[in-house]
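If you read the protein sequences in the order shown, they are chains A, B and C.
141 is the number of the first residue of the first sequence in our numbering; add one for each residue after it.
2 is the number of the first residue of the second sequence in our numbering; add one for each residue after it.
864 is the number of the first residue of the third sequence in our numbering; add one for each residue after it.
Treat the hints as calculated values from the structure; they're not laboratory data.
Where a beta carbon is used, it is the ideal one built from N, C-alpha and C, also for glycine.
Careful: at least some of the hints might be erroneous.
Capping the alpha-carbon separation at 20 Å, the derived lysine to aspartate or glutamate pairs in EDC-like fashion look like this [to be verified]:
1) A:K237 to A:E216
2) B:K199 to A:D417
3) B:K199 to A:E216
4) C:K978 to C:E993
Ranges of calculated distance between the beta carbons of each label pair, as one might list FRET restraints [unchecked claim]:
5) A:C162 to B:R140: 19 to 29 Å
6) B:A52 to C:A1180: 51 to 61 Å
7) B:V122 to A:P294: 37 to 47 Å
8) B:R147 to A:P170: 15 to 25 Å
9) A:R278 to B:R140: 35 to 45 Å
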Amino acid sequence: MSAPAVAPTAVGVPALEVAGLCKQFRQLSPVLRRTVGVLDAVRDVDLQVAAGSTTALVGESGSGKTTLARCVLGLERPEAGTVDIGGLRTGPRTRAKERATRVQVVFQDPNTSLTPRMDLRSIVAEPLVVHRAVADRRELEARVLAALESVGIPASWSRRRPRELSGGQRQRVAIARALVLRPSLIVLDEPVSALDVSVQAQIIRLLRDLQDEYGVAYLLISHDLAIVRAIAHSVSVMYRGQVVEAGVPGQVLREPRHPYTQSLLHAEPSHPAWSLDFFDPSPATGEADAGRAMTRGPGRTGRGDDAPADEDRTDDEPRS
Amino acid sequence: MVVGQSTLGQAVGGAVAGAAALDRTARAHRPMTVLRDNLRTLLLGTPLAVACTAVVVFWVVVAVIGPLVVPGEPIVTDVGARLSAPSAAHWLGTDEFGRDVAARLVSGARVSLTLASITVVVCLVVGTLLGAVAGFNERLSQVLMRVVDAVMAIPGLVLAIVLMAVLGQGLGTIVIALSVVHIPLFARVAFGEVRALKELEFAQAASALGASRWRILTRHFLPSMTSSLTVQASYVLSTAIITEASLSFLGAGVPPPTPSWGAEISSGKTYLFTAPWMLWPAVIALTTLVLAVSLLGDRLRDVLDFRADGGSL
Amino acid sequence: MSAARPASPSPARSSGTARLEVRGLSVTYRTAVPTPAVTDVSFSVGVGESLAIVGESGSGKSSVARALGGLLRGSADVAWDELAIDGRSFRPAQLAGPSNPVAGTLLSYVFQEPKSYLNPSLRIGSQLREILGTHLGMGRREATAEAVQLLGDVGIPDGARRMADYPHQLSGGLAQRVAIAMAIAPRPVVLVADEPTSALDVTVAARVVALLRRLQRARGMSLLHITHNLYLAARSSDRVAVMYAGQLVEVGDAAQVLTDGRMPYTQGLLAAAPSADGMREMVPIPGAPPDMRFVGHGCRFRERCPLAADPCGEDVALRDLGGGHDVRCWRAEGAA
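One chain only, chain A, in its complex shape (with noise of 0.2 Å):
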């Protein structure tokens, strides 16, 4: 599905704005625990997603695109910078209720982000349950059925654990459960990447009707480029803890100017510039030289401490 033509008006306040965010964590030695390192996982980052639109952060590990999330939804402490979540300027004060009735979250592996011994019931009623969001088991269960029936799981099915569904299922109970408080943003972390070609495209679809639907704001974390494609009004690539290019997928994705998002384009095996010869060097200059050859180039900004990302540099860190 192509991106839909025209976001929506930014009525208002945004879903979220990041200004100046900065992320480091520091890399201690294994017995004594003394800081030999430092790791800038997100550094002086701005991000904007407007109310009921979707913007996309798309990078690779190591990009920080996984730490950003984790700060907007309060799992990080950052060192600078702000989130605002639906006007709410949020931090480490902020009361759990506060937060979780504007952010909730889908995560990536289905198969292990339900508690596995809990009902479907009970895992969407989870957060109403945890903020007292209700006023009485009636209005509990209704709100319940209705999230479950919202995403194509129908209500008989609610005394069923998550072992009896099959991934794509237990992604839409997660959404389910993202949904039910009703928040403003709701963060998908590669919510389909674990899911089976046949399946992730009923999930990107449901996921856009419930947007048009309820007027929920995404920010969609993805290396997939193609799904940013389908469903998100905005994209900004991330390399290496800071923002490379931004701007509507259309266009980023038709002409990238940065080096590291063209790198991105042409790794895609269903890009029609795609091919083997590109990532195959001669045999006489190996491997390295393709890896430098792609991120160095015009568009890099000139700040020094930008390094060349040889071979080992880019495989860095396990993958987020």
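Put chains B and C on the given structure of chain A with help from the hints.
Below, chains B and C without anything else, positioned relative to chain A:
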């Protein structure tokens, strides 16, 4: 070619289309079905399991209704009838104080089983809490688990004797002593499980939506921890019975004149040749019960391992 | 009925004799209710040719890969009519024991998560030397030199230094290259790669796939590439076989399958996969793959197929459409 429709209705269709095939799978996983099947396999799966279950049931029944059924008094002494052989009046004879051996046996059953069960419950609750707290809190765990390790380093019976000496004899103190000895086992198991579980995505999801650690422990973790905790409980049950009997054997356990199998074995051994009916019933009782519980515990472990391979958490 | 003849049981196409020939492969897992994960699969891979087996979860593709090397002996019943590598036939029982005649010199594997199947407690130099010693009888000095050479072949220029590393010190892409080096060290005739790039970043994955192709051509090795990514398969392999619910449903040249896929499932996969330039709508396939324990007669895709009709209730055989293109659908002849 496939033509798509962008409606929620198709979402429903998509989800339910696989329903028919999944229904049969789903029914096989219904909680009540699983529990019933599990129990049946566990208790009646093999001839040995049936025998063990029968033994345990027997002793439980004896403990519950025995004292009501058996004529004779466990505590009342009857000097005139001391050391008399089994008869109609005294089914298993009398001991050196003229007390009815059968009555003492069934009362002893009640004492042993009650003490051991209470110990298991106490250990389960306290040990799990301890282990869970340590599991959630990295820094605290350094201290707590070292204490646990230290306690585990002392041989159980020795520790129990020392505690009884310090606390004084009494049914309550026995429970305390036995519990202290066995709590570390539960703490270790709970610690390991909680530490592993909290890294899984569903735990992060629960914490991301704002659930407190207590809620995460009780609602999200405990159901997945039941198998390992149950196995541990079965193990502790049999060792608690033996430890209590050992304490009583040594005179440091159940205070006389309350009957206890251990005490009966201790006094019975003196009269091994003159009044064998004093010793053997208690020995057979203790041996059969502990063996049956242990074997069922092993079987529980095997059954749960098998399930663990086939299913998920 | 249709005029197409059923596919010949042994589709040995492309360049001359087949390096790997499989006929009638079936795998049934010994679960409480036996699970027939693979039903009557036949294919062949020629000299220096690469065949990709594409499927989603539950399609049986991984089971096919593992059955060939006897890796399923504890958990499944594996049977075949014919398994021949480099002209030599093997029976299932021969691959069932610890001294597997096929392992290493004839057939070698690369799996998805290199860090979970490389020995974490041995340096990679030791592991490489062990393989070279066991399969090629090399002494220590010779093996070390060969190992460094191998590391260079897989694109690790400072091989000599890397020999002393442990697997956990390597990044995902590097670890997979090392794993590939270990797999090709005994100079196998056939390399089976089971989702070798699924756990890697996109750019790294592309380079690993390119590496595999280069090695394959340089060594005249046949490659069996198992993947769930149809585009990747079609763009990097010579031939593609699509599996669904334990059966082969379409086999053909890569370009053929990509542009002229006749099986509705293949068409569905192509339509459902996102396209990088976003010019095409992502069209989902409704429903989910069947539970293999309870699958019955007839076409296994019919519950999700938009073109399903009465004849689909009968078992459907692979039909030969000519030019090396086989499809398991009675509608295959005629317009796509």
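Status of the hints after comparison with the structure:
1. With a CA separation close to 17 Å, the supplied pair K237 of chain A and E216 of chain A stays within the 20 Å bound.
2. In summary, the hint linking K199 of chain B to D417 of chain A is not supported, as the alpha carbons are separated by about 44 Å, beyond the 20 Å threshold.
3. Our distance criterion of 20 Å between C-alpha atoms is met by K199 of chain B and E216 of chain A, whose separation comes to about 16 Å.
4. Annotation: proposed proximity of K978 of chain C to E993 of chain C holds, straight-line Cα distance about 18 Å (limit 20 Å).
5. The hinted range of 19 to 29 Å is satisfied by C162 of chain A and R140 of chain B, whose Cβ atoms lie roughly 26 Å apart.
6. The hint said 51 to 61 Å for the Cβ distance between A52 of chain B and A1180 of chain C, and at roughly 55 Å that hint holds.
7. In this structure, V122 of chain B and P294 of chain A meet the distance hint of 37 to 47 Å, their C-beta atoms being roughly 41 Å apart.
8. Roughly 19 Å separates the CB atoms of R147 of chain B and P170 of chain A, a value that falls within the hinted 15 to 25 Å.
9. For R278 of chain A and R140 of chain B, the hinted distance range of 35 to 45 Å is satisfied, since their beta carbons lie about 44 Å from each other.
The structure shown violates just one earlier hint, number 2.
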